Amino acid sequence: MTEPIPGAGETTIIGLPAIQIPITTSGDRPLTQEDLETITRLSDNTALLIATRGALSGSRYLLDEDEVTVGRDPRADILLDDSTVSRSHAVFRRVDGKYEVVDAGSLNGTYVNRQRVDRAVLKDGDEIMIGKFRLVYFTNSAVRQR
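Going by full-length UniProt numbering, the sequence shown opens with residue 1, and the numbers climb by one from there.
Keep in mind the hints are simulated off the structure, nothing from the lab. All values derive from a computational prediction rather than experimental measurement. All clues given are correct.
Okay, the calculated beta carbon distance ranges per label pair: (1) Lys132 x Asp77: 14 to 22 angstroms; (2) Glu37 x Leu107: 35 to 43 angstroms; (3) Val102 x Asp82: 17 to 25 angstroms; (4) Gln115 x Arg60: 19 to 27 angstroms; (5) Ala104 x Gly58: 22 to 30 angstroms; (6) Leu79 x Arg119: 17 to 25 angstroms; (7) Arg87 x Gln33: 34 to 42 angstroms; (8) Val102 x Leu62: 15 to 23 angstroms; (9) Ser59 x Leu107: 19 to 27 angstroms; (10) Leu36 x Leu107: 34 to 42 angstroms; (11) Gln33 x Lys98: 21 to 29 angstroms.
Note that beta-carbon positions come from the ideal geometry of N, C-alpha and C, so glycine has one too.
Based on the provided sequences and hints, a complete structural model is requested.
This is the structure:
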């Protein structure tokens, strides 16, 4: 004969405070308050890349030089250590105060807003895909426009 299990069939209700959870449809990491403050403090002629996917999600990369290299090579300015990234994959180049991304002959290509590009002038909110990494481009004017 079986005996009843104590507490079986009972329901406990716990009241928790309401929280806001940012909703994203692509699985990307939303901007945090700290991200927004960092973007606000950017100097003119500089930009920020924020990783939104993968192991580096949340990482920030400052673009403040005329050329910033990206690749799997340990000497790259931005090291993305994954087999989907070429040793010398792309270069972010400052031209007339704006940044462009230039593919450096990579095997898997460089994408801006899901379009494969050889070269593209970047604007706030553009998503750059290098290998499996997704980086979103921001300047200080991005926060002023919000």
